[in-house]
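K.L.:
Produce the complete structure using the sequences and hints provided.
Listed here are the chains, written in short residue letters.
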Amino acid sequence: MREISQLIACEHCDAVFKKLTLANGEIARCLRCGNELDRNAQERHRHLLPLTIASLIIFVIANSFPIVEMELQGLHSQTTLIGAVVSLATEGISMVALLVMATTILFPFMQMLILFYLLVPSKNPDERPGFSLLIRMMQTLRPWGMIEVFLLGVLVALIKLSNMATIIPGIALWAFCMLTIMLTVVVSFNPRYLWQLEESGQ
Amino acid sequence: MAKTYTSMATPDDAQNMRFITATAMGLLSCHQCGKLWQDAAQGQRCAHCNATLHSRKPDSINRTWALLITACIMYIPANMLPVMVTSTFFESHQDTIMSGIIFFWVSGEWGLAAVVFIASFLVPLLKLSSLFILLISAQQKSTWRQLERAKLYRMIELIGRWSMLDVFVVSLLVGLVQMQGFAQITAGIGIVAFGAVVVFTMLASISFDPRLIWDNEQVTVDAERLAVFDNTMDGIAESQKGTQ
Chain A
439 MREISQLIAC
449 EHCDAVFKKL
459 TLANGEIARC
469 LRCGNELDRN
479 AQERHRHLLP
489 LTIASLIIFV
499 IANSFPIVEM
509 ELQGLHSQTT
519 LIGAVVSLAT
529 EGISMVALLV
539 MATTILFPFM
549 QMLILFYLLV
559 PSKNPDERPG
569 FSLLIRMMQT
579 LRPWGMIEVF
589 LLGVLVALIK
599 LSNMATIIPG
609 IALWAFCMLT
619 IMLTVVVSFN
629 PRYLWQLEES
639 GQ
Chain B
729 MAKTYTSMAT
739 PDDAQNMRFI
749 TATAMGLLSC
759 HQCGKLWQDA
769 AQGQRCAHCN
779 ATLHSRKPDS
789 INRTWALLIT
799 ACIMYIPANM
809 LPVMVTSTFF
819 ESHQDTIMSG
829 IIFFWVSGEW
839 GLAAVVFIAS
849 FLVPLLKLSS
859 LFILLISAQQ
869 KSTWRQLERA
879 KLYRMIELIG
889 RWSMLDVFVV
899 SLLVGLVQMQ
909 GFAQITAGIG
919 IVAFGAVVVF
929 TMLASISFDP
939 RLIWDNEQVT
949 VDAERLAVFD
959 NTMDGIAESQ
969 KGTQ
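First to last, the sequence lines map onto chains A and B.
For what it's worth, the working numbering labels the leading residue of the first sequence as 439, then goes sequentially.
For what it's worth, the working numbering labels the leading residue of the second sequence as 729, then goes sequentially.
Note that these hints are calculated values from the structure, not bench results.
All values reported here derive from a predicted model rather than from experimental measurement.
Keep in mind that a hint or two might mislead.
[To be verified] Listed below are the simulated DSS-like cross-link pairs for lysine-lysine, each with C-alpha atoms no more than 25 Å apart in a straight line: (1) Lys785/B - Lys879/B; (2) Lys456/A - Lys785/B; (3) Lys879/B - Lys457/A; (4) Lys869/B - Lys785/B; (5) Lys879/B - Lys456/A; (6) Lys457/A - Lys785/B; (7) Lys869/B - Lys879/B.
P.N.:
Here you go:
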């Protein structure tokens, strides 16, 4: 088993190319299928840790406060994301409750925590326990975090209700908007490039 | 900024868009860290990151078929059964995915009707039919519109998650509208089937190996082709001569 470090293979079509040195922010695409082959992610990496920490804080806010409050003929009702999951579970639709909890709370939270752990500077980064296992987990979790879809779902639900009741957006709604923007940047970072950073001695 | 890598094909290959693949060269690429290995066996671990090495995703076609057929079966109850039940003091009525869209359309919310129609109806249908096309053409080793098929695969990977929209809408309405006896929204059994369609189509597209789209044109790796690669390729050319 011998490493061929001068070449790179396309993940989507297996075509082999000679590896080039990329400048900061440059992306290389496959000539055959157009998929991204390689990227110099050093620059983006610098913003990643502060963004991850900020996302974690906003994530806590988004889940601690009600998303929306509804007023209908003197009656008040409000819900947090966890409250909605609990309502689903008590109704016996626990499969859907689990799915919602996993895609909007558990997976995004795990992604942020893992990224935080991997990015926090340490004295000897070579001996970070579980480095490869955690990157693999990040890659598996990547398609399943759906905060941005959830935000669209909230908006659709609000418009639906606004026909029959008064809707007061809660703090968590704004928090989810911010979280969506930040997570788009954080999660769009392909965990594969963390290997690049590890090699460059970060 | 995009940068194009130099192709490793000969001028003739370049003209005909024939590419040399890692498999043809006897190399295995690691799906996790991207390193290329020579003289590695299928199932062996990557020496760099310890992921299992495969030239193609194992059993990709069969697994994708199984997940796709499951999703197709779930698609029927997902659209027939109610996803949401609204009960007020006077009446109770049930909504399916389609009746929810029609409600928005009739009440003049055309933009919203379009968003929900695309996310809940068009996207799942597009994903199911795209996966059928990808699977059948990959099984036939077809050379038909390969670039478009590769783009189709990337597109369904990108948009698949958005069909979860209706699941979230229902969850939030159920959490919010709980005014006992006065107005109450409960989830219908259809939403379970609908969630299953989304999850199974996502699993199906993950288990499909896009490299199968290109696996019909095997370019033999000869000395002439390798020579194009000047000195970086010398080592590989030597060892290939040795094994032949």
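K.L.:
Taking the hints in turn, state whether each one holds.
P.N.:
Checked hints:
Under the criterion of a C-alpha separation no larger than 25 Å, the hint pairing Lys785/B with Lys879/B is consistent with the structure, at around 19 Å. Proximity of Lys456/A to Lys785/B is assessed by CA-CA distance (about 24 Å); at most 25 Å being required, the pair is judged to hold. Between the alpha carbons of Lys879/B and Lys457/A the distance comes to roughly 23 Å, so the proposed pair stays at or under 25 Å and holds. Taking the CA atoms of Lys869/B and Lys785/B, the gap is about 16 Å. The hint holds against a cut of 25 Å.
Only pairs whose Cα atoms come within 25 Å are accepted, and Lys879/B paired with Lys456/A is accepted, the gap being roughly 23 Å. A distance of roughly 24 Å separates the Cα atoms of Lys457/A and Lys785/B; the hinted pair therefore holds under the 25 Å criterion. Our distance criterion of 25 Å between C-alpha atoms is met by Lys869/B and Lys879/B, whose separation comes to about 17 Å.
Hint check: no violations occur; every hint is consistent with the structure.
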